[in-house]
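Please put together the full structure from these sequences, using the hints given.
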Amino acid sequence: SQQGEEDPQALSIQEGENATMNCSYKTSINNLQWYRQNSGRGLVHLILIRSNEREKHSGRLRVTLDTSKKSSSLLITASRAADTASYFCATGGGFDRGSTLGRLYFGRGTQLTVWP
Amino acid sequence: DSGVTQTPKHLITATGQRVTLRCSPRSGDLSVYWYQQSLDQGLQFLIQYYNGEERAKGNILERFSAQQFPDLHSELNLSSLELGDSALYFCASSVAGSSGAAGYTFGSGTRLTVV
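As they're listed, the protein sequences go chains A and B. The numbers in my numbering rise by one with no breaks, and the one at position 46 of the first sequence is 36. The numbers in my numbering rise by one with no breaks, and the one at position 78 of the second sequence is 548.
Derived from the structure by calculation, the hints contain no laboratory data. Glycine included, C-beta positions come from ideal geometry on N, C-alpha and C.
Rough simulated footprint, nothing fancy, chain B against chain A, three-plus residues with beta-carbon under 8 Å:
no., region
1, 23 to 30
2, 34 to 42
3, 93 to 106
As structure tokens, then:
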């Protein structure tokens, strides 16, 4: 399956702590993306890392990608209560207009709870 | 507001019925994707349309169908509904035929409850 698998399934931390979520996948990829979903709402795109990149930053987010291990991690630094959400990794998306790789495969997600 | 509009937000219907879910993609986006999210299956890709044409098909049941109209809005038709079809149905859009560098933009979903 092309689906990514997040680990842990659930993570509970205090405000100010860092949160690390991991994603493993099975096939070669063009890129890997992370999304956030607040309870019962639509997913929000957080960050995309290409297969030739090893690390990427966006604000308090840091994503790493190790294609040799087929794994990625999402680090949220100095977490806030507002970061409470489910976080999904997604693989499979391409870049080309003519690409048939438009579909994304999502994992089951990590439920992050940040306590004030 | 993400720019992707889904209607209705909630739908409660009986088994055996047929419903239509509607999605208007973000302005300028040509691709529309439909996903089903349930507790037991997670997020499952159903189907993708690009500029009016079907581009990719996933785990979409034969009882389900979709189309994308010339104005690029899309409809997902679910018929002969079963209890197990109860789920959140999301529409997402992207500029190109793929997710591109900016990923998908998701709508807020339609929560379907079949009773």
